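Let the sequences and hints guide you as you build the complete structure.
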Amino acid sequence: MLRTPPAKRPKDLTELIDSKLMARLSQLDVASRKVFTGKLKGERRSKKRGESVEFADHRPYVVGDDMRHVDWNLYGRLDMLFIKLFMEEEDLSLHIVLDTSESGDCGQPNKFLFMQRLAASLGYIGLVNLNRVAVTAVGQGEGGINGRLQDLRGRRRVTDLGAFLCSQEPIGVASFNEAARRIALTRRGKGVMVLLSDMFHKEGYEDALRLLVGHGYDLFVIQCLSPQEVDPPLGGDLRLKDVEDADTAEVTISAPLLKRYKANLNAYIDRLHEFCVRRDIIHMTVKTDTPMDELVLDYLRRRGLLR
Amino acid sequence: MSWLTPGLAGIVAAIAVPSLVILYFLKLRRRDLEVSTTLLWKKAIQDLQANAPFQKLRRNILLLLQLLVLGAIIFALAQPVLDNQVVDGARHVILIDRSASMSADDGGEGDEIRLERAKRVAIEQIVESLKTPNVFGTGGDEAMVIAFDSAAEVRVNFTSDKAALIRAIESIEPTDSTSSLNTAFKLAKAFTGTRKFEDQVQENVGFVPTVTATLHVISDGRIPDATRVEDQREDEVLYYAVGEEDTPNVGITSVRAERDFENRSKLAIFVGLQSTATEARGVDVVLTIDGTSRSVRRIEVPPATREEAATEDGAEGSDTSVSIEPGISGVVFNVDRPQAGVATVQLNHTGSTARADALEADDTAYLVVPPSKRLNMVLATAGNLYLADALRALRPANLDVVRPADFQSLLDTGRLAQYDVIVLDGFLPLIQPGPPAEGEEPGEPLPGLPPGRVLALGVVPQPPMGVIDNGEGGAALFVEWERDHPALRLAGLSSIEMSRSRKIEVAKATPVRVIARTNNGPGIFEAADARTRAIVTTFDPLNSDWPFEPGFVLFLGEAANTLASEGDASIAALVKTGETINQRLPEDATDVTMTRPDGSEEDLIAAADGSVVYGPVESTGLYSFSWKGSAGPSDQEIDGRIVRSVAANLASADESLISTEPTLPLAGRIVATENDERAGKMELWPWLLIGALAIIMLEWFVYNRKVHV
Chain A
1 MLRTPPAKRP KDLTELIDSK LMARLSQLDV ASRKVFTGKL KGERRSKKRG
51 ESVEFADHRP YVVGDDMRHV DWNLYGRLDM LFIKLFMEEE DLSLHIVLDT
101 SESGDCGQPN KFLFMQRLAA SLGYIGLVNL NRVAVTAVGQ GEGGINGRLQ
151 DLRGRRRVTD LGAFLCSQEP IGVASFNEAA RRIALTRRGK GVMVLLSDMF
201 HKEGYEDALR LLVGHGYDLF VIQCLSPQEV DPPLGGDLRL KDVEDADTAE
251 VTISAPLLKR YKANLNAYID RLHEFCVRRD IIHMTVKTDT PMDELVLDYL
301 RRRGLLR
Chain B
308 MSWLTPGLAG IVAAIAVPSL VILYFLKLRR RDLEVSTTLL WKKAIQDLQA
358 NAPFQKLRRN ILLLLQLLVL GAIIFALAQP VLDNQVVDGA RHVILIDRSA
408 SMSADDGGEG DEIRLERAKR VAIEQIVESL KTPNVFGTGG DEAMVIAFDS
458 AAEVRVNFTS DKAALIRAIE SIEPTDSTSS LNTAFKLAKA FTGTRKFEDQ
508 VQENVGFVPT VTATLHVISD GRIPDATRVE DQREDEVLYY AVGEEDTPNV
558 GITSVRAERD FENRSKLAIF VGLQSTATEA RGVDVVLTID GTSRSVRRIE
608 VPPATREEAA TEDGAEGSDT SVSIEPGISG VVFNVDRPQA GVATVQLNHT
658 GSTARADALE ADDTAYLVVP PSKRLNMVLA TAGNLYLADA LRALRPANLD
708 VVRPADFQSL LDTGRLAQYD VIVLDGFLPL IQPGPPAEGE EPGEPLPGLP
758 PGRVLALGVV PQPPMGVIDN GEGGAALFVE WERDHPALRL AGLSSIEMSR
808 SRKIEVAKAT PVRVIARTNN GPGIFEAADA RTRAIVTTFD PLNSDWPFEP
858 GFVLFLGEAA NTLASEGDAS IAALVKTGET INQRLPEDAT DVTMTRPDGS
908 EEDLIAAADG SVVYGPVEST GLYSFSWKGS AGPSDQEIDG RIVRSVAANL
958 ASADESLIST EPTLPLAGRI VATENDERAG KMELWPWLLI GALAIIMLEW
1008 FVYNRKVHV
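Each protein sequence line maps, in turn, to chains A and B.
For the first sequence, the working numbering begins at 1 and goes up steadily by one.
For the second sequence, the working numbering begins at 308 and goes up steadily by one.
Please keep in mind that the hints were generated in silico from the structure rather than gathered at the bench.
If you're wondering where the values come from, they're calculated on a predicted model, not measured in any experiment.
Some hints could be false.
[To be verified] Listed below are the simulated DSS-like cross-link pairs for lysine-lysine, each with C-alpha atoms no more than 30 angstroms apart in a straight line: (1) 287/A to 202/A; (2) 241/A to 883/B; (3) 259/A to 350/B; (4) 20/A to 287/A; (5) 883/B to 493/B; (6) 190/A to 84/A; (7) 350/B to 202/A; (8) 810/B to 883/B; (9) 259/A to 287/A; (10) 350/B to 287/A; (11) 680/B to 202/A; (12) 262/A to 350/B; (13) 349/B to 287/A; (14) 8/A to 241/A; (15) 438/B to 496/B; (16) 287/A to 262/A; (17) 287/A to 241/A; (18) 680/B to 935/B; (19) 202/A to 8/A; (20) 438/B to 469/B; (21) 493/B to 469/B; (22) 493/B to 573/B; (23) 262/A to 202/A; (24) 349/B to 259/A; (25) 573/B to 883/B; (26) 20/A to 8/A; (27) 262/A to 349/B; (28) 350/B to 241/A; (29) 883/B to 680/B; (30) 883/B to 496/B.
[Claimed, not checked] Only part of the chain A face toward chain B is listed, based on derived beta-carbon distances under 10 angstroms: (31) 3; (32) 103; (33) 106; (34) 198; (35) 200; (36) 229; (37) 231; (38) 243; (39) 245; (40) 259.
Where is the CB? At the ideal position from N, CA and C, for every residue including glycine.
Structure representation (structure tokens):
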């Protein structure tokens, strides 16, 4: 809850994900509830019958078919021309949207650092599995975009991913709606989009989520909250100052007030969750004190983001 | 519990409590904290404020504690007191005994006399516990201070000013007088007023006595007339006994001097002594006349006896009351002293083992002894030889026996002034009335008492210097008489029977004092005005068996001496402290001055008949009157001024019996002493302040815990 910048910002990917976790992440892959068409042949099964090694079916030869796909063994036995059909394999687009607003620089453990590590983990998984990975940092930059990384593919681009994530700083106010519009306009194809944010947007999150969902993207909202936000350890007479817009609230912490705060937080989360469920968005709330391996290896698999 | 200054506390509370709450709203210092978002907080505050404006204050333990501290201080300002005494009436009368016995030193506690202790009791137990008025000067208890001995004096009227009360109490000085509570109560009643019976009857309830005042009597209980005090039942009477029950005191309770009947130059001085010591006491009694020590007697005074008697109140069980019977003794000095003088009798306690004596005022007695004088008498009689013989037995210097006609010529020629005493036997001369008023004819001469000292037997003079004769009364007996009157002390009237008497009635507003009364009215009376002083028997002694009794001659002698010596039979001017000195000076006395025993002087103005009054006498000793003019028979002339001395003595068995009475028996009830431990009201404000301090410390602890969450 309180602004607590980490003692040291991570410099590269190895500081975000340790090697042990990295090794375990290699076994995972990004899951999609839909099978998407990709631009490149990837490791993903497509509805299209394609050129993978996995046999799918036969069909009678028609004029114009590629002669290389004729099943000559079958012709020898049946003296009829059949075309072998294979499963088409294609790559998956994984788009990670990272909230870099200043509110992330709070909490113990630090929310932004947590989101950086989660983004790195997911990106790593995507790259290792030859998915097309894109990362967009939503922040105070032009159009609400601080920076973006697109069309990363393959293990070689892991360092690029790490460098990009480490270059981000939690500063200013994120214009979330503006950023969502931009992302929706500029993204290509279909795939999985993961939004990492605390979802505390004073302008509201509804419009942004409506823009991001659909158009072939399977949207996951991972709401990261620090333990202090869930259970504020406050007391006394306080002047609370919003780190983003310097808005203040004078409070005298009392048991009824804390109770009311918690009720409001739960209501906020529930409303967001309901909003997501109605639009086929997967919403999850994660506390930043959750261990990364447990989160990635267990929780996200159970929630269907990874497999 | 009651509050001494609730108004002040109310005002402070009305200001301070809202101020504290407002300060809490304004809020002192808030810690600045940066949080990820204020979104949820603002909403939470709005939610709370929407349904509870005082939500901020709810469960705010710091405010609660501060309110507690404030409350404690405010309650302290109200000066709460626990009433462990009955001082709750709005009006209090503090009656302080300043009589002679209150000068007794009981020993212990810094050698203060009883009066000092009484003052302390009055200030500490009564004045200090009075309810102080609030800031508006209302609602406080009022008290008045009355100092009393034989008279009562208001030292300060009802006031709630404690300083004034304390000043008044401190200014009370001891006197050598006897004590009279009746006077004091009457005075107090005059100030407190009485409530009518109908004012105290409430509808459907009945008679509800209303306390008009609380009377605090501070005394040693040696008050002879206490049982005659009729206090109002609805008044609360509290009695504070000061002094000890067993304080020893040896004192002179009576003193008297008489000249021998046969030999007038012989003087007998009788001294009565009394001791309250529990052991026999030897005292030296020293007689000094005119500053010269004449005689010393060693007297052993027997011890006082204590009698314990169970109280009548059986419910109290084993309670007993102790009555002390003092040891009585006496001594008679016989000295040869034909001339006048001032005799002083002094008790000397040297040689006594234990604590000598608690009271000084009764250790010395004074007597003014007139010179011995043989009388020059005239007897006017129609023929009564045996009366002349009886008078001769008094050994007068000269006795002229004249017939009534000769007496009338003595009177008319003014030669009557040479006689000290005139005896009229059944005969009244014709007296020229006083100068007529303007425009009136001079009155006819009437039978009456001649000027001078007159002993008239068997006559009834008419008013004003006489009584109303209602005719023959037949046989009669004496039914009452003044046994202490100098002329009647030895007269033996109890056995006298009269065969004939007169029905006599005393006219109003005449200078007539009846000293012996028969069943038909006054038998013997005294009458005195500026020129005449007379003792008159309204019956003829020859019509009774009196002449055959020795008492008749003694009556003649004492009456003649009484008349001749201005006042008392053989001794001039002797008063007790607390009484009034009433002296008749010669009519031409001017520039009258009285000198008190302590040497201070006071100018007095003599009345038309030459009488001067001073009193009440507060201390023992000699009071000297001096004037310019002619001298009386026993007056001395010093430096061109005539001097007459009057001795004032305590001479009171009640005052000398100084053991403190634990109860005060009034006419209608017995008032028990107030317990000494019954302190004043217990002030609670220090405890409240200590409580406030403790709460502040608790608050500090709570605050620290809260800050370091």
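Outcome of the hint check:
1. 287/A to 202/A: holds, 21 angstroms
2. 241/A to 883/B: Not satisfied, since the Cα-Cα distance of roughly 97 angstroms exceeds 30 angstroms.
3. 259/A to 350/B: Holds: residue 259/A and residue 350/B sit about 12 angstroms apart, inside 30 angstroms.
4. 20/A to 287/A: holds, 22 angstroms
5. 883/B to 493/B: holds, 22 angstroms
6. 190/A to 84/A: holds, 28 angstroms
7. 350/B to 202/A: The given pair, whose Cα atoms are some 12 angstroms apart, holds under the 30 angstroms limit.
8. 810/B to 883/B: The given pair, whose Cα atoms are some 37 angstroms apart, is violated under the 30 angstroms limit.
9. 259/A to 287/A: Holds: residue 259/A and residue 287/A sit about 19 angstroms apart, inside 30 angstroms.
10. 350/B to 287/A: Since the Cα atoms of residue 350/B and residue 287/A sit roughly 22 angstroms apart, the hinted pair holds (cutoff 30 angstroms).
11. 680/B to 202/A: Status violated; Cα separation ~133 angstroms.
12. 262/A to 350/B: Status holds; Cα separation ~11 angstroms.
13. 349/B to 287/A: Distance ~23 angstroms between residue 349/B and residue 287/A Cα, so the pair holds.
14. 8/A to 241/A: holds, 24 angstroms
15. 438/B to 496/B: Roughly 22 angstroms between the alpha carbons, so the hint for residue 438/B and residue 496/B holds.
16. 287/A to 262/A: Given pair residue 287/A, residue 262/A holds - Cα atoms ~15 angstroms apart, limit 30 angstroms.
17. 287/A to 241/A: holds, 22 angstroms
18. 680/B to 935/B: holds, 24 angstroms
19. 202/A to 8/A: holds, 29 angstroms
20. 438/B to 469/B: holds, 10 angstroms
21. 493/B to 469/B: holds, 24 angstroms
22. 493/B to 573/B: Measuring from Cα to Cα gives roughly 47 angstroms; hence the hint is violated.
23. 262/A to 202/A: Holds. Residue 262/A to residue 202/A sits at ~18 angstroms (cutoff 30 angstroms).
24. 349/B to 259/A: holds, 14 angstroms
25. 573/B to 883/B: holds, 25 angstroms
26. 20/A to 8/A: With a Cα-Cα distance of about 21 angstroms, the restraint between residue 20/A and residue 8/A holds, given a limit of 30 angstroms.
27. 262/A to 349/B: holds, 13 angstroms
28. 350/B to 241/A: holds, 14 angstroms
29. 883/B to 680/B: holds, 26 angstroms
30. 883/B to 496/B: Measuring from Cα to Cα gives roughly 27 angstroms; hence the hint holds.
31. 3: Holds: closest Cβ of chain B sits about 4 angstroms from residue 3/A, inside 10 angstroms.
32. 103: With a closest approach of 4 angstroms, the residue 103/A hint holds.
33. 106: holds, 4 angstroms
34. 198: holds, 7 angstroms
35. 200: Since chain B brings a Cβ to about 4 angstroms from residue 200/A, closer than 10 angstroms, the hint holds.
36. 229: holds, 6 angstroms
37. 231: violated, 12 angstroms
38. 243: Check passed: Cβ of residue 243/A comes within 5 angstroms of chain B, closer than 10 angstroms.
39. 245: holds, 9 angstroms
40. 259: holds, 9 angstroms
Violated hints for the displayed structure, listed by number in ascending order: 2, 8, 11, 22, 37.
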